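Student: All chains should be built: construct the whole structure from the sequences, respecting the hints.
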Amino acid sequence: MIAFVVRRALLVVPTVLVVATCVFLLLRFAPGDPAVAILGDFATREAVEALRAKMGLNQPLWRQYVDFIGRLAQGDLGSSLVTGAPVSAQVARALPHTIALTLAGMVIGLVAGLPLGILSALRRNTLMDYLSRTISLAGLSVPGFYVGILLMLLFGVHWKIFPVVGAGNPGDLGDVLRHLFLPALSLGLLMMAYVTRSARSAMLNVLQEDFLRTARAKGLAEVAVLSRHALRNALVPTISVVSVYVIVLIGSSVMTEIVFSRPGLGKLMVDATQRRDYTTIQSVMVVYAAIVAIVNAVVDVVYGFIDPRVRYD
Amino acid sequence: MRTRGRTWATFTKNKSALLGGCTAVLVALVTILAPFIAPHDPFAMDARNYLASPGGRHPLGTDRYGRDTLSRILWGGRVSLAVGLSAVGIGMCLGTSLGLIAGYRGGLLDLAIMRGVDVLLSFPGLITGLMVMAILGPGLVKLIVTIGIVLTPRFARVAYGPTLVLRERDFVAAARSIGSRGSRIVICHLLPNILGEVLVMGTLWTGTAIIYEASLSFIGLGISPPTPTWGNMIKDGVQFVTFSPWLSIFPGLAILITVLSLNMLGDGIRDVTDPKLQV
Numbered sequence: 028m029i030a031f032v033v034r035r036a037l038l039v040v041p042t043v044l045v046v047a048t049c050v051f052l053l054l055r056f057a058p059g060d061p062a063v064a065i066l067g068d069f070a071t072r073e074a075v076e077a078l079r080a081k082m083g084l085n086q087p088l089w090r091q092y093v094d095f096i097g098r099l100a101q102g103d104l105g106s107s108l109v110t111g112a113p114v115s116a117q118v119a120r121a122l123p124h125t126i127a128l129t130l131a132g133m134v135i136g137l138v139a140g141l142p143l144g145i146l147s148a149l150r151r152n153t154l155m156d157y158l159s160r161t162i163s164l165a166g167l168s169v170p171g172f173y174v175g176i177l178l179m180l181l182f183g184v185h186w187k188i189f190p191v192v193g194a195g196n197p198g199d200l201g202d203v204l205r206h207l208f209l210p211a212l213s214l215g216l217l218m219m220a221y222v223t224r225s226a227r228s229a230m231l232n233v234l235q236e237d238f239l240r241t242a243r244a245k246g247l248a249e250v251a252v253l254s255r256h257a258l259r260n261a262l263v264p265t266i267s268v269v270s271v272y273v274i275v276l277i278g279s280s281v282m283t284e285i286v287f288s289r290p291g292l293g294k295l296m297v298d299a300t301q302r303r304d305y306t307t308i309q310s311v312m313v314v315y316a317a318i319v320a321i322v323n324a325v326v327d328v329v330y331g332f333i334d335p336r337v338r339y340d
Numbered sequence: 171m172r173t174r175g176r177t178w179a180t181f182t183k184n185k186s187a188l189l190g191g192c193t194a195v196l197v198a199l200v201t202i203l204a205p206f207i208a209p210h211d212p213f214a215m216d217a218r219n220y221l222a223s224p225g226g227r228h229p230l231g232t233d234r235y236g237r238d239t240l241s242r243i244l245w246g247g248r249v250s251l252a253v254g255l256s257a258v259g260i261g262m263c264l265g266t267s268l269g270l271i272a273g274y275r276g277g278l279l280d281l282a283i284m285r286g287v288d289v290l291l292s293f294p295g296l297i298t299g300l301m302v303m304a305i306l307g308p309g310l311v312k313l314i315v316t317i318g319i320v321l322t323p324r325f326a327r328v329a330y331g332p333t334l335v336l337r338e339r340d341f342v343a344a345a346r347s348i349g350s351r352g353s354r355i356v357i358c359h360l361l362p363n364i365l366g367e368v369l370v371m372g373t374l375w376t377g378t379a380i381i382y383e384a385s386l387s388f389i390g391l392g393i394s395p396p397t398p399t400w401g402n403m404i405k406d407g408v409q410f411v412t413f414s415p416w417l418s419i420f421p422g423l424a425i426l427i428t429v430l431s432l433n434m435l436g437d438g439i440r441d442v443t444d445p446k447l448q449v
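Line by line, the protein sequences are chains A and B. Following our numbering, the numbering of the first sequence begins with 28 at its first residue and continues without gaps. Following our numbering, the numbering of the second sequence begins with 171 at its first residue and continues without gaps.
The set of hints was computed from the structure by calculation and includes no laboratory data. Treat the hints with care, as some may be off.
Stated by the list, open to error - Computed beta-carbon distance windows for the label pairs:
id: 1; chain 1: A; residue 1: 202; chain 2: B; residue 2: 412; range: 20 to 26 Å
id: 2; chain 1: A; residue 1: 119; chain 2: B; residue 2: 357; range: 48 to 54 Å
id: 3; chain 1: A; residue 1: 73; chain 2: B; residue 2: 409; range: 36 to 42 Å
id: 4; chain 1: B; residue 1: 423; chain 2: A; residue 2: 246; range: 50 to 56 Å
id: 5; chain 1: B; residue 1: 279; chain 2: A; residue 2: 204; range: 49 to 55 Å
id: 6; chain 1: B; residue 1: 354; chain 2: A; residue 2: 249; range: 55 to 61 Å
id: 7; chain 1: A; residue 1: 36; chain 2: B; residue 2: 423; range: 41 to 47 Å
Stated by the list, open to error - If you want a taste of the chain B side facing chain A, the calculated C-beta under 8 Å gives, among others:
id: 8; residue: 289
id: 9; residue: 294
id: 10; residue: 297
id: 11; residue: 300
id: 12; residue: 302
id: 13; residue: 304
id: 14; residue: 334
id: 15; residue: 335
id: 16; residue: 397
id: 17; residue: 426
id: 18; residue: 433
What the hints assert, rightly or not - From the structure, some residues in chain B lie toward chain A, with a derived Cβ separation under 8 Å:
id: 19; residue: 292
id: 20; residue: 384
id: 21; residue: 388
Predicted model, so just to flag it, every value in this text is computed and none were measured. Using N, Cα and C, we set each Cβ at its ideal position, and we do this for glycine too.
Tutor: As structure tokens, this is what we get:
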């Protein structure tokens, strides 16, 4: 098991390296000169040359690449092209907001989605099943940010129960939680849709299994059949599907942060794209790659714990 | 012929698939016919009638320049649907080819293609799209290509699995033994067998592509005003969300109806074509 964990952890590095390389090449081979893009078409030749030198664009490509990767290896994400502030500090400020949001969304999605999906499978083709299927299909069919806007309208503008802008005063836990509620709920509803669907289909598959008939035949109480035999086996495929959607959730958190102006990683990234701050874009992408690679590794390891067959492939 | 009849019967018995299919056709028709049925010119401004509430001459109200929301939704739908369908077309062609080639040829090429696909798949599509659009800048063609590229690895995965199984089958060996070239085997023998599954996923992912378009346009990296799309209409409306919430609500509903119908249709076709699920 330890060997499996170590091997999986080591795989994070090449994944991040591949993404960093793609991002680097994409930025270098993008049409147009980044320096001109930043300064505008009317900039003087001297100004453009000065900026190119500052950005290191005058050096040969391999040199730029080696420099970039070398600094990354030391944990240096460079400094913003626009403000000159170190990107690492900005990322460190933004990261907790994004992590809190994604985790809260995941918890809401699991807590609401698992029971709904399981009940839906147990009461197949009843009103309750149709309702939960309709809700989850609608959840999959709507952009996450739209759900955010609707929640904002309902709870923030109409009823004025929850704040809708920012992340709250960092010293005041109650304030932070109140600011977290609506964004987390909007991500959570999205997650709930995924979880309900996968839990329902996993449960339906298990319910057809022969071992349930055996369990009933030997006179086991229905509650025990369902909880000990059906539920446990349904959870394994559900977790594997859910883990895929955690990645989707990280993507959706970008939009949620924009709607609710939460100062997280997504907002940092989108603000950087609007200011054509290429070094920040590049670094935030690498940070996202690292997060995604780490989440994938953790999911694989957790999955290895739950289902021992996975470890040996 | 009998199989086809039975398939059609199963499909029409599946009410939600039928409803989804009809709605999708209706949405397509309404947007295609936008020039004839839209009550107003989507770009015509009416300075005295800005931010009008729904009702009267403007059934869904007007935006801050007094442009008719219903007409803009109808015209915007043309753009959103065109982006969705073209992006899926690109992703489907590229991805299916890659999956077929990797699956059929195997070896190093397989390893290289599918490892790349796995890395891309492990990344949230929205963030990849955001990154590429940030570098390329907004624009219709750029957006279509970007979303197409984001969808490519997904199609490659769908095509790859069945190809691995199919290439071991007797009919492929038979084709090879009569001297068919690899390209002929892939196009004439393997492709028809995986096309059904690819098309089902294409239906479902057209919805995904429409959501990507909306999200990227909402951030301001997709299609810029004044061309209406459902995404940039929501973005425009959000600034007035306190007094004119319908400006964002209606285009969002258009997305919901369209993507929901595509999902119902796609799920329905999958139920029909996948014999395992016909219990």
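Student: If a hint holds in the structure, say so; if it doesn't, say that too.
Tutor: To see whether the hints hold, each was checked on the structure:
no. : hint                        : in the structure
1   : 202(A) - 412(B): 20 to 26 Å : 22 Å, holds
2   : 119(A) - 357(B): 48 to 54 Å : 53 Å, holds
3   : 73(A) - 409(B): 36 to 42 Å  : 40 Å, holds
4   : 423(B) - 246(A): 50 to 56 Å : 53 Å, holds
5   : 279(B) - 204(A): 49 to 55 Å : 52 Å, holds
6   : 354(B) - 249(A): 55 to 61 Å : 57 Å, holds
7   : 36(A) - 423(B): 41 to 47 Å  : 46 Å, holds
8   : 289                         : 5 Å, holds
9   : 294                         : 3 Å, holds
10  : 297                         : 5 Å, holds
11  : 300                         : 7 Å, holds
12  : 302                         : 7 Å, holds
13  : 304                         : 4 Å, holds
14  : 334                         : 16 Å, violated
15  : 335                         : 18 Å, violated
16  : 397                         : 19 Å, violated
17  : 426                         : 5 Å, holds
18  : 433                         : 5 Å, holds
19  : 292                         : 6 Å, holds
20  : 384                         : 5 Å, holds
21  : 388                         : 6 Å, holds
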